[in-house]
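**Q** Residue-level listing of the chains:
There are 2 protein chains.
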Amino acid sequence: MPDLSVASAVEALKKLEATSAAYDHVLGVLSLDASTAAPKGSYPGRSLTTGVMSGLHYQLISDERNGQLYEYLSAHADELDEQTRREVEVGKKNYDKMHRIPMEEYVAFRTLLSEAQAVWEKAKLENDFAAFAPYLEKIVDYNRKFAGYYNPHMAPYDALLNEYEEGMNTATLDAFFAQLRETIVPLLAKIQSAPQPDDSFLRVLCPVEGQRLLSGQIMEVMGLDRNYCGIAETEHPFTTNFNNHDVRITTHYYPEAVASSLFSVIHEGGHAIYELGCDDRYNGTFLYGGVSMGIHESQSRFFENIVGRSREFVENVIFPRVKAIFPAQFASVSPLDFYRAINRVQPSLIRTEADELTYCLHIMVRYEIEKQLIDGSLAVADVPGKWNALYREYLGVDVPDDAHGCLQDVHWAGGSIGYFPSYALGSAYGPQFLHEMEKDLGDIAPDLRAGDLTRIKGWLRENIHRHASFYKPGQLFERVCGKFDARYYTDYLTKKYTALYLE
Amino acid sequence: MPDLSVASAVEALKKLEATSAAYDHVLGVLSLDASTAAPKGSYPGRSLTTGVMSGLHYQLISDERNGQLYEYLSAHADELDEQTRREVEVGKKNYDKMHRIPMEEYVAFRTLLSEAQAVWEKAKLENDFAAFAPYLEKIVDYNRKFAGYYNPHMAPYDALLNEYEEGMNTATLDAFFAQLRETIVPLLAKIQSAPQPDDSFLRVLCPVEGQRLLSGQIMEVMGLDRNYCGIAETEHPFTTNFNNHDVRITTHYYPEAVASSLFSVIHEGGHAIYELGCDDRYNGTFLYGGVSMGIHESQSRFFENIVGRSREFVENVIFPRVKAIFPAQFASVSPLDFYRAINRVQPSLIRTEADELTYCLHIMVRYEIEKQLIDGSLAVADVPGKWNALYREYLGVDVPDDAHGCLQDVHWAGGSIGYFPSYALGSAYGPQFLHEMEKDLGDIAPDLRAGDLTRIKGWLRENIHRHASFYKPGQLFERVCGKFDARYYTDYLTKKYTALYLE
Numbered sequence: 000m001p002d003l004s005v006a007s008a009v010e011a012l013k014k015l016e017a018t019s020a021a022y023d024h025v026l027g028v029l030s031l032d033a034s035t036a037a038p039k040g041s042y043p044g045r046s047l048t049t050g051v052m053s054g055l056h057y058q059l060i061s062d063e064r065n066g067q068l069y070e071y072l073s074a075h076a077d078e079l080d081e082q083t084r085r086e087v088e089v090g091k092k093n094y095d096k097m098h099r100i101p102m103e104e105y106v107a108f109r110t111l112l113s114e115a116q117a118v119w120e121k122a123k124l125e126n127d128f129a130a131f132a133p134y135l136e137k138i139v140d141y142n143r144k145f146a147g148y149y150n151p152h153m154a155p156y157d158a159l160l161n162e163y164e165e166g167m168n169t170a171t172l173d174a175f176f177a178q179l180r181e182t183i184v185p186l187l188a189k190i191q192s193a194p195q196p197d198d199s200f201l202r203v204l205c206p207v208e209g210q211r212l213l214s215g216q217i218m219e220v221m222g223l224d225r226n227y228c229g230i231a232e233t234e235h236p237f238t239t240n241f242n243n244h245d246v247r248i249t250t251h252y253y254p255e256a257v258a259s260s261l262f263s264v265i266h267e268g269g270h271a272i273y274e275l276g277c278d279d280r281y282n283g284t285f286l287y288g289g290v291s292m293g294i295h296e297s298q299s300r301f302f303e304n305i306v307g308r309s310r311e312f313v314e315n316v317i318f319p320r321v322k323a324i325f326p327a328q329f330a331s332v333s334p335l336d337f338y339r340a341i342n343r344v345q346p347s348l349i350r351t352e353a354d355e356l357t358y359c360l361h362i363m364v365r366y367e368i369e370k371q372l373i374d375g376s377l378a379v380a381d382v383p384g385k386w387n388a389l390y391r392e393y394l395g396v397d398v399p400d401d402a403h404g405c406l407q408d409v410h411w412a413g414g415s416i417g418y419f420p421s422y423a424l425g426s427a428y429g430p431q432f433l434h435e436m437e438k439d440l441g442d443i444a445p446d447l448r449a450g451d452l453t454r455i456k457g458w459l460r461e462n463i464h465r466h467a468s469f470y471k472p473g474q475l476f477e478r479v480c481g482k483f484d485a486r487y488y489t490d491y492l493t494k495k496y497t498a499l500y501l502e
Numbered sequence: 000m001p002d003l004s005v006a007s008a009v010e011a012l013k014k015l016e017a018t019s020a021a022y023d024h025v026l027g028v029l030s031l032d033a034s035t036a037a038p039k040g041s042y043p044g045r046s047l048t049t050g051v052m053s054g055l056h057y058q059l060i061s062d063e064r065n066g067q068l069y070e071y072l073s074a075h076a077d078e079l080d081e082q083t084r085r086e087v088e089v090g091k092k093n094y095d096k097m098h099r100i101p102m103e104e105y106v107a108f109r110t111l112l113s114e115a116q117a118v119w120e121k122a123k124l125e126n127d128f129a130a131f132a133p134y135l136e137k138i139v140d141y142n143r144k145f146a147g148y149y150n151p152h153m154a155p156y157d158a159l160l161n162e163y164e165e166g167m168n169t170a171t172l173d174a175f176f177a178q179l180r181e182t183i184v185p186l187l188a189k190i191q192s193a194p195q196p197d198d199s200f201l202r203v204l205c206p207v208e209g210q211r212l213l214s215g216q217i218m219e220v221m222g223l224d225r226n227y228c229g230i231a232e233t234e235h236p237f238t239t240n241f242n243n244h245d246v247r248i249t250t251h252y253y254p255e256a257v258a259s260s261l262f263s264v265i266h267e268g269g270h271a272i273y274e275l276g277c278d279d280r281y282n283g284t285f286l287y288g289g290v291s292m293g294i295h296e297s298q299s300r301f302f303e304n305i306v307g308r309s310r311e312f313v314e315n316v317i318f319p320r321v322k323a324i325f326p327a328q329f330a331s332v333s334p335l336d337f338y339r340a341i342n343r344v345q346p347s348l349i350r351t352e353a354d355e356l357t358y359c360l361h362i363m364v365r366y367e368i369e370k371q372l373i374d375g376s377l378a379v380a381d382v383p384g385k386w387n388a389l390y391r392e393y394l395g396v397d398v399p400d401d402a403h404g405c406l407q408d409v410h411w412a413g414g415s416i417g418y419f420p421s422y423a424l425g426s427a428y429g430p431q432f433l434h435e436m437e438k439d440l441g442d443i444a445p446d447l448r449a450g451d452l453t454r455i456k457g458w459l460r461e462n463i464h465r466h467a468s469f470y471k472p473g474q475l476f477e478r479v480c481g482k483f484d485a486r487y488y489t490d491y492l493t494k495k496y497t498a499l500y501l502e
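One line per chain: the protein sequences are Y and Z, in this order.
Residue numbers for the first sequence follow my numbering, so the first one is 0 and each next one is one higher.
Residue numbers for the second sequence follow my numbering, so the first one is 0 and each next one is one higher.
Read the hints as simulated data drawn from the structure, not as lab findings.
Certain hints may be false.
Unchecked claim - With beta-carbon atoms standing in for the labels, derived distance ranges:
| no. | chain 1 | residue 1 | chain 2 | residue 2 | range |
| --- | --- | --- | --- | --- | --- |
| 1 | Z | K121 | Y | Q216 | 22 to 32 angstroms |
| 2 | Z | G66 | Y | D62 | 18 to 28 angstroms |
| 3 | Z | N93 | Y | Y253 | 42 to 52 angstroms |
| 4 | Z | K39 | Y | E125 | 32 to 42 angstroms |
| 5 | Z | A449 | Y | Y253 | 33 to 43 angstroms |
| 6 | Z | K121 | Y | R211 | 22 to 32 angstroms |
| 7 | Y | A323 | Z | N126 | 30 to 40 angstroms |
Yeah, the Cβ is synthetic: ideal placement off N, Cα and C, and Gly gets one too.
Could you put the whole structure together from the sequences, leaning on the hints where they help?
**A** Structure follows, in C-alpha cells:
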C-alpha cells in the first residue's frame, strides 16, 4: 500500500469500525426484537435477514484489504495514538480470526443459531431434548471447528474459553474450580445440618404490576438513567447494548417468586452500569463495550450479590420497597427474616435461581460437560444423563426432567460454548475488586445501608467501566488488583455464610 | 456484459433483491424499536447506524453494475417468467431513481429523519412548533430536490405523489377533492342542524388493561394470527412489516377514549391483513408488500369503516365485546346508541380521531399546505397560520395550539410529503371495491352481523392482497373495478349519513 498515508489509513480504519458497529447494532436489534416482541412464527424471515447481514459483516471484517491496512498501520504504530494502536491490535486479531473462517460456514452458523433459538425455546417448553439435540450437535461441531480457526495452536476448548475470557485455559480453571470445591463442599455440608430460615414468604403471590413498579424503583436506586437504559420482558433475562447511551436490560416476572425478577434486574443492571459507564471515545470503535464476559459478570454479580444480597442493602433498601409495594404479603416479615430468606442456601435445579454459595457448582456441571462435548468424549445424546449425574454428584439433587435440567440455559442454543466459566470467574473477581475498593474508599457498608451507590459506582467506573475494551481483561484486572487470587472469593463466602448459618 | 447468461443474471438479480430486503428489514426493525421500546435518549446512536445502513442500502441499489444487469435482463425479457420481468421493471425504476440521488444527500436525509422524529415528538409534547420548524424546512427542501431526482419530467409535487400512488397527479386530486367537497359540505351542513346523538359514554374511564384485552379480541375476530402478527404500543399507531409472516401493528391507549385504540387496531389490522395475505412468492423480492399507499389505505379503511363502523358489525360484534369487558361503563347503553355514537359527525381538530364523513376535509388541509410548501408559495414559518385558517374554512373549528394543529401528524417528521392524499384515495377506493365484492358475494351484511370475515377477507385476498406489488396500483384497481369513480364513495357516505341523521 505505497500510496497510503497514516492519516488516510486511520480514516479507513475508523470508517471500517463505524460500519462494523452499525452491523453489530442491527444484528443486536434483530435479536432483541426476537426475544422481546416478535411474533413466534416470524423467525424464518428473521433468519434470512440475519444470514444476509452476518454475511455482509463477515465480508466487511475479513476483506483482504483490511489485512494490508493492519499491516501498514502496525508498521506505523509509533505514529498512532495509544487508542488507535489498540484498535489496530483488536481489529487485526478479529481479521485474522474471521479470515480463517470460510464465509459459507460463518453465515451457515449464524443462520443455524437464529433457528436454534426458536427450537430451543419450544423444546424447553415441551421438555423435548430430542427436538433440540440435532441443533446442539451442529452447534458443537461448529464450535469445535471454529476453535481451530480462532486459535489453531490451542486445544479447542481453550480456544473457545479465550473468546469469552482472553488468557483463560482449562488448566487454570481446573485448579480454580478445585479450590472452590474445597471451600464450598464442606461449608455446604455444615450449612445443611444447621437450622434453615423460613423463606416461604418469597413464594406468595406478588402481582406482576407491583413487580414492574419494584423494577423501576431498583433501577432508580442503581442510578440507571431510563433515558439511556430500557427494560423489557423476556423468557430468559439478558442485557444488550448498542452504544454507551443505549442499553437494554430484560427480566422475567414470576407472580409467585418476587425475588427472581428482583435479583435479575439487579444483575442485569450491573451489566448495564458497566456499559453505560464506558467512555464515549470508544463508541463505534473496536474497543467499544465491556472487555470480556468474565469482567462483565464480575460487575453484574458484584451488584447482584455483594451489593444486592448484602445485609445492609437487603434490610435497608430492598426490603422497605418490597414491603411498601406488597404490604399484605410481608406484614409479618422482619428485615432480618427477609435477608436470611434471600440468602437461604439450597442446592437446587436451576442455575439462575441458585443461591450465591451453590451457584458455582451449577457452573462446574456445565464446564465438565462442555469440555467433554468439545473433546468428543461425550455425545450430545448423552448430555441429559451426564447432566443429571453431575447434579446428583455436585449438588445432591435429582433432575426430574430436561426442562429443569440440560435445557434450562439459552447459551448453547445461542452458539456459546466456553461462556459458562465466565460466571464463576466473575463471581470470584468481585470480592477481590471489593478488597481494592475498600482500600480506597474504606468500608462501603454505610453506602449500602443508605442505598447510595454513588461512591461504589464511581470507583468501578474509574477503575473498570470507563476503559471499555482498551485493556485486555487480565491486564485490566491486574492494573486494579494485581494477581488474581480465588481466596478473596472463598474467604468472602466463608465469612458471609458462617455469619448467616453457623454463628 | 457479454459473459452473462440469463440464468446467472437472474441469480444476480435475486441475490440483489434478497440483500435489499434484508436492509429493509433491519431499517424497519431499527425504526420499530425507536417507536416502541428504545429509551428516549438513544436516538443519536441509532441515527448513526441508520445512516450507515441507509448508505450501504443506497450503494447496493444504485451500484453501476445493476444498470448493466437491468439492461441485459430487459433485453432478454422474453426469456423471463412474468414475475421476474416485473421485478426487473421495479428494480430498474428504483435504480434509475436512486442513481440520480447523490449518496451524501440520501444518507444525510435518512440521518436527518432519524433525528427529526425525536425532535417532532418532543415539539408535539411541548407544543413548540419553532423547535420542529428547522427540521421541517430541511425536509421540504430535500423533498423538493428529491422530486427532481424521482421524476425530472413532472412537477415536483406530482413526482412526490407518485412515490406513494404511482400514476396520481395534482390535476386528478384537485378534481377528486372538489367532487368530495360538493357532497360532504352540504351533507355536513344538514347534519349539523339535525339532532346529535349522545356520545358521552365514549369518554368514560376504560382502564388500559381492559382495552388491551379488547384489542386481542378484535384481532381474533379479524383473523390476525398472533403467530405472525404482533401488537405494540406507540405514540402514533402504525403498521410495519418485514415479510408476509412478520407484521406488527401498534396502537395507543387512552383511558378515557376507548374507541380511539379500538378503531386504530381495526385500521392497522386492515393493513396487516393486506401484508399477511401477500403470496409467499414475493417475499424477499422487489414485489414484496402492498403496492401503494392508496391501495394500502383502501384496505385499512375498508376494515376500519366499511366493516368496523357498519351498523351490523358495531351492534353485533364490537358492542357485545366492549360491554362484556366494561359492563359498568356501558350498562345503560343500547347497541344502537353505541352505533350512533361511534358514527357521530363532529368537525374536530385531530385527523386520526375524525369521523368518517369529515375525515377527508382533514386531508384536504394537508394537501393544500403540501402543494404550497413544495411550490414555494408557503414558508414553513407560515404553516401554523395557514393550517389554522384552513381548519376554520373547511371544518369550522378553531385550532387552540400547534400540538392540536400542524404538529399532530408524524408524516412530515418521517420525511413523507405527498403521502396524505393516499388516505383520501384509499377511503374512496373502498366503496368501489365493496361494490365489486357484493357483485361476487352478494350482500355482506350477514357476514358483518355474524362477525365472520372469512368471505370478505377471502375476496380481498384473491383480488388484491395476494398480488403484493405485482401489478401497478392503477392496474390492480382497474383489474378489479374498472375505472375509478369517486361517486361510489360519495354515494356510500350520503346513504350512510342520511340514514343516521336525516331519516
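**Q** For each hint, tell me whether it holds in the structure or not.
**A** Tested hints:
no.	hint	verdict
1	Z:K121 - Y:Q216: 22 to 32 angstroms	holds, 26 angstroms
2	Z:G66 - Y:D62: 18 to 28 angstroms	holds, 24 angstroms
3	Z:N93 - Y:Y253: 42 to 52 angstroms	holds, 49 angstroms
4	Z:K39 - Y:E125: 32 to 42 angstroms	holds, 39 angstroms
5	Z:A449 - Y:Y253: 33 to 43 angstroms	holds, 41 angstroms
6	Z:K121 - Y:R211: 22 to 32 angstroms	holds, 25 angstroms
7	Y:A323 - Z:N126: 30 to 40 angstroms	holds, 36 angstroms
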